[in-house]
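So the protein sequences, as listed, match chains Z and U. Once you know that position 83 of the first sequence is 346 in our numbering, the rest is easy, because the numbers rise by one and skip nothing. Once you know that position 201 of the second sequence is 464 in our numbering, the rest is easy, because the numbers rise by one and skip nothing.
To be clear, the hints were calculated from the coordinates, so they are not data collected in a lab. Keep in mind that a hint or two might mislead.
A pair holds if it fits inside one copy or across any two, identical chains being indistinguishable in the list.
Here are the computed lysine-lysine pairs in the DSS-like style, where the Cα-Cα straight-line distance is at most 25 Å [what the hints assert, rightly or not]:
no., residue 1, residue 2
1, K331, K382
2, K447, K362
3, K422, K382
4, K485, K331
5, K447, K514
6, K447, K265
7, K331, K490
8, K512, K490
9, K331, K406
10, K336, K512
11, K443, K512
12, K443, K362
2 protein chains.
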Amino acid sequence: MKIAFLGPHASFTQLAATQLFPDGELLPQANILDCFNAVDTGEAEKAVVPLENSIEGTVSMTLDYLYKTPSIKIEAEGVMPIAHHLMIHPENNIEDIDKIYSHPQALAQSFHFLDTTYKETARQDFSSTAAAAKYVSENKDLKIAAVANQFAANLYGLKIVNRNIQDFEQNHTRFIVISKNQTKYENDHLEVLGEKSGMLINLPEDHPGGLHQVLSVFAWRKMNLSKIESRTLKTGLGNYFFFINVAGKWKNILHGNALLELQSINAEVDFLGNYKEFLLES
Amino acid sequence: MKIAFLGPHASFTQLAATQLFPDGELLPQANILDCFNAVDTGEAEKAVVPLENSIEGTVSMTLDYLYKTPSIKIEAEGVMPIAHHLMIHPENNIEDIDKIYSHPQALAQSFHFLDTTYKETARQDFSSTAAAAKYVSENKDLKIAAVANQFAANLYGLKIVNRNIQDFEQNHTRFIVISKNQTKYENDHLEVLGEKSGMLINLPEDHPGGLHQVLSVFAWRKMNLSKIESRTLKTGLGNYFFFINVAGKWKNILHGNALLELQSINAEVDFLGNYKEFLLES
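Kindly generate the complete structure, drawing on both the sequences and the hints.
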């Protein structure tokens with residue numbers, strides 16, 4: 264099965280895709296739009312893209328393309344703890360390193376560690392953590408290290424000298440599996456954290472309390488929202504749509520009625536699916 | 264006055280900063296954390312960082328650092344239409360170009376134009392639109408073009424061959440001015456689009472309808488929300504804070520009471536400021 268993902272090779276998204284689709288043929292894409300296009304044209308059956316808190320890609324684009332492409336739905340979500348490691352060429356010594364390469368956000372997320380342990384070592388921005396790791400592997404003679412993930416260390420044969428150097432233990436990135444056919448995604452090897460529904464809600468006009476009215480539909484039914492994000496429509500400033508996650512299985516008459524009531528107040532609802540949330544390793 | 268901004272030179276954020284602070288001494292920073300640190304340590308008096316829909320930086324980091332750094336508040340917001348232009352070295356001809364360089368998201372945002380007008384021309388990812396423009400200016404002999412903004416074209420002396428090649432006319436990026444002293448930001452040269460308040464709200468526990476209860480406080484007072492975004496706390500999965508924008512001037516007893524009521528239901532509120540929204544040019 265062909266699975267598009269936001270590249271490059273050894274990106275966090277590939278790390279997610281390999282766990283979600285251990286037997287898939289993974290096709291790296293340059294950006295999030297290309298992932299959606301690959302699914303839309305049938306070039307790939309599914310795609311793995313970041314939904315939240317990624318250092319790769321602008322995840323607001325994922326929401327915008329979900330809105331723009333109603334035929335594409337969500338099959339599953341993966342949550343990965345972000346773990347950054349400091350790695351060098353195996354024939355080098357960490358004492359000799361005079362520059363650390365990585366994506367600027369990965370350097371920022373490891374700020375505290377780098378600023379205490381390698382205060383005097385210069386840092387160099389790179390387009391991705393994976394590209395930085397590749398560059399270190401190809402340039403033994405430069406005295407450089409990279410901040411990247413375990414997968415990149417394995418792929419490029421680098422030696423990890425400091426593990427888990429990120430400032431926050433509990434920083435997570437969320438990925439979603441998107442497809443057009445929305446088959447039921449199952450995976451017996453990954454831990455299931457829960458179940459949720461995703462939907463896009465478009466309010467017909469921007470009026471005070473409109474979002475509150477939408478949320479009332481969920482609130483009295485005790486349907487818990489686990490994510491909400493407003494996005495400006497491309498039709499102009501001041502018009503919005505919302506991405507909402509409702510926790511739990513979507514199964515009974517309350518859920519169906521909630522959608523009917525939303526439509527009765529002229530909200531447009533694109534139900535993206537009821538799907539499982541899996542814990543991924545980093 | 265020293266103004267930190269998310270670089271590199273000729274980034275969209277610099278384009279915003281030059282309009283917001285025409286007389287400021289602009290200090291480019293490698294990432295959003297460095298912008299916050301510059302303000303926190305006093306190295307810069309203010310900083311300009313992206314808040315929404317940026318192709319530079321991960322804007323969720325802006326929300327996280329606002330949460331992590333309660334001393335830093337918001338003074339102003341700038342909204343800039345995203346305009347991408349195709350540009351070449353002035354001594355080259357567009358007919359000879361065989362590769363187009365840019366940030367992957369800028370290439371994605373110009374997908375439709377590039378795919379129709381320059382279908383056969385290869386594309387190459389670069390770490391930023393500004394860096395791509397600089398590379399084109401320094402490599403006359405390579406037959407390359409860049410997708411970047413007007414500011415980069417001016418700075419690096421490039422010739423614009425196609426203007427406004429972005430797929431959506433109405434795509435905007437939002438920037439905020441942050442500082443510790445939160446002086447009243449004024450600018451007579453920029454058009455004022457409106458006024459708004461920003462706040463971070465932390466619900467003490469994750470219970471169904473909790474967000475709905477918070478929004479009720481605003482809804483019956485007819486205070487309109489113009490942005491809402493949930494962010495996972497770094498303490499673990501399932502705990503959230505919310506960034507909320509309330510439209511309009513924050514002035515009367517209704518507003519004060521809204522905050523008091525939020526506190527009375529044990530919500531922690533960090534009021535980030537009441538500030539103007541300015542229209543920027545791209």
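Here is how each hint holds up against the structure:
no.: 1; hint: K331 with K382; verdict: between (46 Å within a copy, 22 Å between copies)
no.: 2; hint: K447 with K362; verdict: neither (47 Å within a copy, 41 Å between copies)
no.: 3; hint: K422 with K382; verdict: within (21 Å within a copy, 42 Å between copies)
no.: 4; hint: K485 with K331; verdict: neither (30 Å within a copy, 30 Å between copies)
no.: 5; hint: K447 with K514; verdict: within (15 Å within a copy, 51 Å between copies)
no.: 6; hint: K447 with K265; verdict: within (17 Å within a copy, 54 Å between copies)
no.: 7; hint: K331 with K490; verdict: both (20 Å within a copy, 20 Å between copies)
no.: 8; hint: K512 with K490; verdict: within (15 Å within a copy, 28 Å between copies)
no.: 9; hint: K331 with K406; verdict: neither (46 Å within a copy, 34 Å between copies)
no.: 10; hint: K336 with K512; verdict: within (17 Å within a copy, 39 Å between copies)
no.: 11; hint: K443 with K512; verdict: within (21 Å within a copy, 45 Å between copies)
no.: 12; hint: K443 with K362; verdict: neither (45 Å within a copy, 32 Å between copies)
When each numbered hint is compared with the structure, violations occur for hints 2, 4, 9, 12.
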